[in-house]
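A.B. asks: Here is how the chains run, residue by residue.
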Amino acid sequence: MEPPEGDGQRDQPTPSLWPIGLAVGVVCLLVGLVVSWVAVAVGAALFAIFGFLWARDVASGHRAPEAEAAEAEATPAAGEEPAERFPRNVFLETATIAIGALIGLIVTAPVLAASVLNAFLKQHGHDVDLGPIENFPEGQYMIATFQSDPHTGTIGHRSAFIRYNGPKDGEPSFTCISNRCVHLGCPVQPGGPTFDKEQKKVPTKHGPVTLVPSLPAAGFICPCHGGAYDQEGNRIAGPPTHALNRFEFSIVDGRLVLQSLYSVSHVEGTGANAQITKYVLTGPGQHVDGPEAWLYPLQPPH
Amino acid sequence: MARKPPSKTKQAVMYPLDWLEERSGIVGGVKYFLFRKVPGDTNWFHTLGSATLTAFIVQLVTGVILAMYYKPSPAEAHSSVQHITNDVTLGWLVRGMHRWGASVFIILMFLHMGRVFLFGAYKYPRELNWIVGVLLLATGLFEGLTGYLLPFDQTAYWATVVAININGTAPFVGPFLASLLRGGAEIGPDTLARFYSLHMLVIPGALMALIGLHLYLVVRLGVSSPPWSDEAAGREREPEPPPSRAGLVQPRPRAGLPGRPTE
Chain A
106 MEPPEGDGQR
116 DQPTPSLWPI
126 GLAVGVVCLL
136 VGLVVSWVAV
146 AVGAALFAIF
156 GFLWARDVAS
166 GHRAPEAEAA
176 EAEATPAAGE
186 EPAERFPRNV
196 FLETATIAIG
206 ALIGLIVTAP
216 VLAASVLNAF
226 LKQHGHDVDL
236 GPIENFPEGQ
246 YMIATFQSDP
256 HTGTIGHRSA
266 FIRYNGPKDG
276 EPSFTCISNR
286 CVHLGCPVQP
296 GGPTFDKEQK
306 KVPTKHGPVT
316 LVPSLPAAGF
326 ICPCHGGAYD
336 QEGNRIAGPP
346 THALNRFEFS
356 IVDGRLVLQS
366 LYSVSHVEGT
376 GANAQITKYV
386 LTGPGQHVDG
396 PEAWLYPLQP
406 PH
Chain B
1075 MARKPPSKTK
1085 QAVMYPLDWL
1095 EERSGIVGGV
1105 KYFLFRKVPG
1115 DTNWFHTLGS
1125 ATLTAFIVQL
1135 VTGVILAMYY
1145 KPSPAEAHSS
1155 VQHITNDVTL
1165 GWLVRGMHRW
1175 GASVFIILMF
1185 LHMGRVFLFG
1195 AYKYPRELNW
1205 IVGVLLLATG
1215 LFEGLTGYLL
1225 PFDQTAYWAT
1235 VVAININGTA
1245 PFVGPFLASL
1255 LRGGAEIGPD
1265 TLARFYSLHM
1275 LVIPGALMAL
1285 IGLHLYLVVR
1295 LGVSSPPWSD
1305 EAAGREREPE
1315 PPPSRAGLVQ
1325 PRPRAGLPGR
1335 PTE
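Here the protein sequences line up with chains A and B, keeping their order.
The opening residue of the first sequence carries number 106 in our numbering; numbering runs sequentially from there.
The opening residue of the second sequence carries number 1075 in our numbering; numbering runs sequentially from there.
Worth flagging that the hints you see were computed from the coordinates, not collected in a lab.
Here a beta-carbon is modelled for each residue, glycine too, at the ideal position from N, C-alpha and C.
Where hints are given, some of them may not hold.
So these bits of chain B aren't anywhere near chain A, every CB distance computed over 10 Å [to be verified]:
hint, residue
1, I1100
2, Y1143
3, N1160
4, V1208
5, L1209
6, L1211
7, W1232
8, V1235
9, V1236
10, I1238
Pulled from the structure, derived: some chain A residues nowhere near chain B, Cβ distances all over 10 Å [what the hints assert, rightly or not]:
hint, residue
11, G126
12, I211
13, A377
Output of the computed footprint for chain A on chain B, the stretches with three or more beta carbons under 8 Å from beta carbons of chain A [unchecked claim]:
hint, segment
14, 1240-1252
15, 1255-1264
For reference, chain A alone in the conformation it holds in the complex (with noise of 0.2 Å):
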């Protein structure tokens, strides 16, 4: 039969339990991502199946009213007498449309270069002084807070864990772990006191450098959302994916200079001993290792 033109009804498919069976197999794939890889390959042949199931009684539902659409489309097109079309008539239209576009491409290039290129050229980060090495006493995790980038102001603030572990091979050997919860990027406290009044303040090329005395007895938690770090970084508790972030450092006429961040996977042992798993600097929240980290191939520089 036939629908009546303007009821406000179309001839809808028959009731299906298909996108029930969809529903279950993007379910049962998202949660095999986390648990295991068999419930994701159980979840996409079950997306598979019920969305061509699915696909199929909608397309066979809707197909005849769709192609008559389009012959009814096509059908007054044809029948109307099409204007006499001259070359110089086409070949105005096209000029029109290529300038036009080349206009549109020589306005676009810039606004999309300073709006989105500039977000990812030019990016590098800046080595930080921290002062003479003598200030950080052997085993004490001191709480540095130094200027990242000198052309920043108060915002390229940031804060880092050093401690030293006494010289090993005969060069001094520092932790310098990053305050950035690998959660979600908020910044982890020390658990266990800070001497606020011993503090020193560092004078640099860059600004003071404040070094304050910590014991972080249960290493370091994030206020945010709970995660919880041991005192090589390592995670014990909480959402976090992996170690807290660590700096390359070195050694320039005795004083310790911070350099680019890396990710660390976990710490096995601890100070000068310890065996760090690094990674190529990740953003908060994303894997480092593991399946999960397939999801995140790339990353823009830092």
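Dock chain B against chain A, hints included.
C.D. replies: The following block gives chain B in isolation, referenced to the frame of chain A:
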């Protein structure tokens, strides 16, 4: 039979309107918009869309005033907001309207969406308007996100850090999305100016365009009757078949109106 000429007052009112109508057709357009037919049994729930629009207009007006005093640089942002709150005449009220109005706008959007969903007003032929509405919801939420940074206090800063990093966890594109939002690898002065530009230029422009499209579709397709209405799209509705006790689910003919027997 001589018709009484219109009074001088009426002439004085009608002359400029007729002048405008003859040259633009705008008076007829406004009349068409305001006096179009709607189903007789619309109710208060149908006003949620207009309420949302009103909340948006309040945000536009108060936002323009706030922009007269706000300074989008890290050094000055917070102090300029303090200036608005404490020094500008009734500035606290305008800021309060904008701040609380933002929540009102979002809440009304959800209520309006709930009304449309529960009344089934998203169905044919109004699916496209539902899609435009979903875009409006997403754009409105993005407006809320970008506005949250602007007071530039500790709450604003760390909430934005977390919000950007949540974006960063999206598979594949996440890290790039986060860099794009920050305007670089780290949150810096550019991030604040970027959010300010998005918040007061880009997103409101998108919202206005989408609202225009939304209203165009509302006017073109008309307002739907409530589900309990005796009318369907302005016509008398066929009675439902009497309920049977045979089973929980009754097979129902699908072609044409619900309940109409198939021929």
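A.B. asks: For every hint, state whether the structure bears it out.
C.D. replies: Evaluated hints:
No beta-carbon of chain A comes within 10 Å of the beta-carbon of I1100 (chain B); the shortest separation is about 30 Å. Even its closest Cβ contact with chain A, about 21 Å, leaves Y1143 (chain B) beyond 10 Å, as expected for a residue assigned away from the interface. Every beta carbon of chain A lies more than 10 Å from that of N1160 (chain B), the smallest distance being close to 22 Å; the non-interface claim holds. For V1208 (chain B), the non-interface assignment is confirmed: its Cβ lies about 18 Å from the closest Cβ of chain A, beyond the 10 Å cut-off.
Distance to chain A confirms L1209 (chain B) as a non-interface residue, since its nearest Cβ pair spans about 21 Å, more than 10 Å. Against chain A, the non-interface label of L1211 (chain B) holds: every CB pair exceeds 10 Å, the least being about 21 Å. The claim that W1232 (chain B) is not at the interface with chain A is violated, since a C-beta of that chain comes within 10 Å of its own (minimum 6 Å). For V1235 (chain B), the non-interface assignment is contradicted: its Cβ lies about 5 Å from the closest Cβ of chain A, within the 10 Å cut-off.
With 10 Å as the threshold on Cβ separation, the claim that V1236 (chain B) sits away from chain A is violated: the shortest Cβ distance comes to roughly 4 Å. A beta-carbon of chain A comes within 10 Å of the beta-carbon of I1238 (chain B); the shortest separation is about 8 Å. Every CB of chain B lies more than 10 Å from the CB of G126 (chain A), the least distance being 18 Å, so the non-interface label holds. Separation of I211 (chain A) from chain B is adequate, the least Cβ-Cβ distance of about 21 Å exceeding the 10 Å criterion.
With a cut of 10 Å on Cβ distances, A377 (chain A) stays outside the contact zone with chain B, its closest approach being about 30 Å. For the segment 1240-1252 of chain B, the proposed coverage by chain A is satisfied: 9 residues have a C-beta within less than 8 Å of a C-beta in that chain, meeting the threshold of three. Judged by the Cβ-Cβ criterion of 8 Å, the segment 1255-1264 of chain B is covered by chain A as claimed, because 8 of its residues qualify and three suffice.
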